[in-house]
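Novice: Taken in sequence, the protein lines are chains A and B.
Reminder that position 1 of the first sequence reads as 1 in our numbering, one-by-one numbering, no gaps.
Reminder that position 94 of the second sequence reads as 94 in our numbering, one-by-one numbering, no gaps.
The reader is advised that the hints may include incorrect statements.
To be verified - Cross-link-like lysine-lysine pairs, in silico, DSS-like; alpha carbons within 25 Å at most:
| # | chain 1 | residue 1 | chain 2 | residue 2 |
| --- | --- | --- | --- | --- |
| 1 | A | LYS103 | A | LYS126 |
| 2 | A | LYS81 | A | LYS106 |
| 3 | B | LYS139 | A | LYS81 |
| 4 | B | LYS173 | A | LYS106 |
| 5 | B | LYS207 | B | LYS197 |
| 6 | A | LYS29 | A | LYS72 |
| 7 | B | LYS52 | A | LYS114 |
| 8 | A | LYS81 | A | LYS29 |
| 9 | B | LYS58 | B | LYS207 |
Unchecked claim - Simulated DEER-style distance windows between Cβ atoms:
| # | chain 1 | residue 1 | chain 2 | residue 2 | range |
| --- | --- | --- | --- | --- | --- |
| 10 | B | GLN211 | A | GLY116 | 24 to 34 Å |
| 11 | B | GLU247 | A | LYS81 | 47 to 57 Å |
| 12 | A | ASP68 | B | THR59 | 30 to 40 Å |
| 13 | B | THR205 | A | GLY97 | 30 to 40 Å |
What the hints assert, rightly or not - If you want the ones that stay clear, here's a sample from chain A, every Cβ over 12 Å from chain B, calculated:
| # | residue |
| --- | --- |
| 14 | LYS51 |
| 15 | ALA77 |
| 16 | LYS81 |
Treat the hints as calculated values from the structure; they're not laboratory data.
All C-beta atoms in this analysis are idealised placements derived from N, C-alpha and C, irrespective of residue type, glycine included.
Chain by chain, the residues:
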Amino acid sequence: MKFLSFRTGAFALAIAALPAAALAHGSMKPQHGGLVQMSGETLIELVTGPKGVDVYLTEEDEPVAAADYTAKLTQTAGGAKTEVALRPAGANRLTAGGFKAAKGAKIVVALTDKSGAKAFATFQTK
Amino acid sequence: MKFTRLMTAALCAGVAVAAAAPLSAHGIWFAQRARQLALIYGVGADDLDAVKRLPLVKTVTGYDADWAPVTTSLRAAGAIPVVDSDEPLAAVAAIMDYGYWSKTPDGEWHNKGRDEVPNATLAEHNFKYAVHLTQVPTKPVPLLEGHTLQLVPADLAIPQKMGEPMKVRVYYKGKPVAGATVMQDYVNDPDEAAPAKTGPDGTATIKLRNQGINVLMAIYVGKTDDKKVDHEEYRASLSFVLPHLPE
Numbered sequence: 001m002k003f004l005s006f007r008t009g010a011f012a013l014a015i016a017a018l019p020a021a022a023l024a025h026g027s028m029k030p031q032h033g034g035l036v037q038m039s040g041e042t043l044i045e046l047v048t049g050p051k052g053v054d055v056y057l058t059e060e061d062e063p064v065a066a067a068d069y070t071a072k073l074t075q076t077a078g079g080a081k082t083e084v085a086l087r088p089a090g091a092n093r094l095t096a097g098g099f100k101a102a103k104g105a106k107i108v109v110a111l112t113d114k115s116g117a118k119a120f121a122t123f124q125t126k
Numbered sequence: 001m002k003f004t005r006l007m008t009a010a011l012c013a014g015v016a017v018a019a020a021a022p023l024s025a026h027g028i029w030f031a032q033r034a035r036q037l038a039l040i041y042g043v044g045a046d047d048l049d050a051v052k053r054l055p056l057v058k059t060v061t062g063y064d065a066d067w068a069p070v071t072t073s074l075r076a077a078g079a080i081p082v083v084d085s086d087e088p089l090a091a092v093a094a095i096m097d098y099g100y101w102s103k104t105p106d107g108e109w110h111n112k113g114r115d116e117v118p119n120a121t122l123a124e125h126n127f128k129y130a131v132h133l134t135q136v137p138t139k140p141v142p143l144l145e146g147h148t149l150q151l152v153p154a155d156l157a158i159p160q161k162m163g164e165p166m167k168v169r170v171y172y173k174g175k176p177v178a179g180a181t182v183m184q185d186y187v188n189d190p191d192e193a194a195p196a197k198t199g200p201d202g203t204a205t206i207k208l209r210n211q212g213i214n215v216l217m218a219i220y221v222g223k224t225d226d227k228k229v230d231h232e233e234y235r236a237s238l239s240f241v242l243p244h245l246p247e
């Protein structure tokens, strides 16, 4: 089981993701200066900033409509867990305005599509 | 339409083969289906109707990397039950009580105990368990509540390559058990000719057969005081994926 370490933010796996195959299609480079990881076939980019947190979704370099998902973000920092909804903000962007990401926090992005299928991405902030 | 007749015959033969498998031969395990983790009920390539058997699933439990519980459930997604959780899972487990089954001299199985099938040649209570690791464990797999039979990796490190040996341990009622059968590939070799047997310390060594999903299955027949059956049969799977090389 060459699965990935739980602590490596950009490559930590979501439950449904198979590791190797998913990495092959599309760029793994962040397009908005954030942290990226794959969940299944979806590349998820987490961008933290003073105005909040944004999440961008792409598949094979193509934007995925954020409006097709309900999403939430869970931050675990210093033993405390905080949840916030991520709302579609046009095109492939989900946002949690005003949410402050802590340094060294574990952030889990949970996506649920219209069929009810869930996908997760786990990030470790710097 | 010779082709149609041929296909019909082939399908009938396939159904006959599937129907011929004894009920107790089926097990449960988890595997990826359309990016979701699904509960599978079957044996070999038989992926039977697990949705209709959901009422028989007594528990489904999920765990994080520290083996702390994560809220987890099964959701019928069309023809398959898939795992739902609030957070990413490092492992998921399930228990299925498949109930009483009695076999009559004509070879038929009945979903009843010996009390209702007095001429049964065999009566048993079937229990099925599944543990799936989604990531390499950073802590030993613990004994899970309610898993009367459980198959675990004997060592923390799990071999990475197909063909490598892997030592496993079987626990029955919380203790290592000797004489349990361990099948090394329940999906692709369901008729394994000489499956491993556990020794006095409950361990056995199998060979990892797949650079993909591996479904190991421990089988043990236990005694019971239940007068409705002759014995209880337990099947406990341990499944995990060895990843392929990047494309």
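Novice: Hint by hint, note whether the structure agrees.
Specialist: Taking the hints in turn, this is what the structure says about them:
1. For the given pair, LYS103/A sits about 5 Å from LYS126/A by alpha-carbon distance, which is consistent with the 25 Å threshold.
2. For the suggested pair LYS81/A and LYS106/A, the alpha carbons sit about 9 Å apart, so the restraint of at most 25 Å is met.
3. At roughly 23 Å between alpha-carbon atoms, LYS139/B and LYS81/A fall within 25 Å of each other, so this suggested pair holds.
4. Only pairs whose Cα atoms come within 25 Å are accepted, and LYS173/B paired with LYS106/A is rejected, the gap being roughly 37 Å.
5. With a CA separation close to 13 Å, the supplied pair LYS207/B and LYS197/B stays within the 25 Å bound.
6. The straight-line distance between the Cα atoms of LYS29/A and LYS72/A is roughly 23 Å, inside the 25 Å bound, and the hint therefore holds.
7. For a cut-off of 25 Å, the pair hint linking LYS52/B to LYS114/A stands: about 23 Å separates their Cα positions.
8. At most 25 Å may separate the alpha-carbon atoms for a hinted pair to count; LYS81/A and LYS29/A exceed this at roughly 29 Å.
9. Annotation: proposed proximity of LYS58/B to LYS207/B is violated, straight-line Cα distance about 31 Å (limit 25 Å).
10. Checked against the hint of 24 to 34 Å, the C-beta distance between GLN211/B and GLY116/A comes to roughly 31 Å, which is consistent with it.
11. Between GLU247/B and LYS81/A the C-beta distance comes to about 36 Å, which lies outside the given range of 47 to 57 Å.
12. Between ASP68/A and THR59/B the beta carbons are some 33 Å apart, a value that agrees with the proposed interval 30 to 40 Å.
13. Between THR205/B and GLY97/A the CB atoms are about 56 Å apart, so this pair departs from the stated range of 30 to 40 Å.
14. Non-interface call for LYS51/A relative to chain B: holds, since the shortest CB-CB distance, roughly 26 Å, exceeds 12 Å.
15. Every Cβ of chain B is farther than 12 Å from the Cβ of ALA77/A; the closest lies at roughly 15 Å, confirming the non-interface assignment.
16. With a cut of 12 Å on Cβ distances, LYS81/A falls inside the contact zone with chain B, its closest approach being about 10 Å.
Hint check: violations occur at hints 4, 8, 9, 11, 13 and 16; the rest are consistent with the structure.
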